[in-house]
Amino acid sequence: MSISGRADGQPMVFAHGFGCDQQMWRHVAPRFADRFKIVLFDHAGAGAADPSAYDPARHTTLQAYADDVVRLCRELELRDVIFVGHSVSAMIGGLAALSAPELFAKLVFVGPSPRYINDADYVGGFTDDDIDELLDSLESNYLGWSSVMAPVIMGNPDRPQLGAELTESFCRTDPDIARRFARVTFRSDNRADLPRIKTPTLVLQCSNDAIAPVAVGQYVRDSMPNASLVMLDATGHCPNLSAPDATAAAIAAFVAE
Amino acid sequence: MATDVQRNVARESFYAALLDDNAEKLYEQAPCGYLSTTPDGLIVKVNQTFLALTGYTRDDLVGRRTFADLLTVGGRIYHETHYAPMLQLQGHAREIALELVQADGGRLPVLVNSVLERLDDGAPAVVRTAVFDATERRAYERELLQAKRRAEESEAHATDLARTLQKTLIPPAPPQIPGLDIAAAYRPAGTGDEVGGDFYDIFELSDGSWVIGLGDVRGKGVQAAVVAALARHTIRAAAVRAGRPSEVLRVLNTVLLQGDVDRFCTSVVLFLRRIDNVWHAIVSCGGHAPPLLVRSQKDLSAFGEPGTLLGVVDDPAVVDTAVTFKPGESLVLFTDGVTEGRRGREFFGEARLEAAVAANRGAAQSIVDGVLDDVLAFQGDYPRDDIAIVVVGVEAATPAP
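Top to bottom, those sequences are chains A and B.
Quick note on numbering: my numbering labels position 128 of the first sequence as 366, and the sequence is numbered without any gaps.
Quick note on numbering: my numbering labels position 66 of the second sequence as 110, and the sequence is numbered without any gaps.
Simulated from the structure, these hints should not be mistaken for lab results.
A couple of the hints might just be wrong.
Distance windows between CB atoms, simulated [stated by the list, open to error]:
| # | chain 1 | residue 1 | chain 2 | residue 2 | range |
| --- | --- | --- | --- | --- | --- |
| 1 | B | K89 | A | R425 | 36 to 42 Å |
| 2 | A | D246 | B | R186 | 54 to 60 Å |
| 3 | B | D204 | A | R425 | 45 to 51 Å |
| 4 | A | P289 | B | D251 | 55 to 61 Å |
| 5 | B | A183 | A | P463 | 48 to 54 Å |
| 6 | A | R296 | B | K89 | 47 to 53 Å |
If you want the footprint, here are the derived chain B segments under chain A, 3+ residues with CB under 8 Å [as the list claims (entries may be wrong)]:
| # | region |
| --- | --- |
| 7 | 78-90 |
| 8 | 112-118 |
| 9 | 126-140 |
| 10 | 182-193 |
Note that the structure is a prediction, hence the values are computed from the model and not measured.
Cβ coordinates follow ideal geometry from the N, Cα and C atoms, glycine included.
Hey, can you work out the whole structure from these sequences and the hints?
And the structure:
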């Protein structure tokens, strides 16, 4: 976890999605440091998070990750939080705001999806087979994960000489945890939660996103009582990396409202 | 020695190859698929090798498709959530395993390396990607993965077996005995994946007395568990005829010596009888630490003689020690997983056990929980040996049966 920006500023908590870590926000978060308190963290099991924070028995639902967010906010004694969640962390933020609405002032959902798998008339964009294929893909790509690299990747704050190797470790996670998080993420269904989230919410939607299609972003906005949508002219699922200017500008306009 | 003619031939073929291998051929016929895309992934240039691998024509791809479009859906998710961010964050992505969907719908396993080239102002300019056919490598990796999964399944199966076996070494829950307060705990060594050799049992005899047996077979694993199960059931069977605990231990000793078992064990057997509304306890130990008799906050003492190990000599020295067991008093039976719990070279020891018992005196459950918590905490929640604890107390107001 890292805290920067204005110590007395309104807190902005940035949460990364499936597949990466807080580095996802490095082109966006610093732009808010002059006026806000910036809180960046890695979900349990991701990035440089304390390996013992991940509990395979507990982290089987997005609610568990949401509980972590609530605990983080309470431990840091944050109030009026602006929560910015990318990808699956959008729903994690939504669940956190349902659990502890008093903590959150505004939510920003970047590329959210309340359900990835198609269901009757609802088009999430994926089938069960697609998700199995992803799990295969994860498995193929973690053959290179070795027990030798693991301690390096899991963070060694007391050994700065490992910094060089750490730059190689972006988006690398323990393979078991990655598969479990993938299952939790892509088999989640939070459609019923959306209408209950009263916190003002901005949906940031990329015009061409293979993970969270435009129709899904619109579904999120339409299902929530207090949400607006801004379309970003960006391709892909990570406008925080591919279009940081537009992403930051849209967030800035929303938080200034 | 090479002749002048041979030298000339070699020189000529060297120049011929050099002239033939121009930049164009180097690109088109490279021994890997090669493509360039915009930062968003739109294909702008592709080499002949890539077209041959995938079966597409240049017109199918250039200006029309993105690299992600050519992936399986699962691969596309991986691309969006891992590959693309990695490329953006560190400027390259290496040895990514993906599957390309070929023009005829077939799938080609590939290994992919990409670099992101930036303009002088840092803006992303172009992504260059090399694609290697990895069909055979992937087939082999799949076999490895399957072997790994099978190994994991066997391991899970073995753990399951160990846990099932372990359950046969202890009763599902301590029985309710009118006038007595009983609690027990069992904690296997380590992560509990391997079955251990500790056991205990609590049962009633036809004359209304109660027997508590607890013991520890040396070693771990299935062999130890089999002996522990034998010991538990021998104690049950022997207690029916035996008049006192030492006789039970003698029978157990004989069974261990006669049986085809190469293990010895320690055990403590306790008889509890109520005569004229007063509980009497008789204890006998075979190479086992005597139970702790807790009379008051300050009066804690070992009760009984340790005796000799069972399953070693024909005539073990096991003796009976009797005591009147009064309301408010407790007896604590434990295996050496408690007293020999280790932190580095230090043992948990009797003094810590007594302190834990004294601090949690009262209900049997509170003593059990207090001792277990302390022993586990002492070892950093990773016990090297199995831990079994049984606590029995006489309830303050004992109604007549």
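(message) Hint by hint, where does the structure go against what was stated? Just the numbers, ascending.
(response) 3
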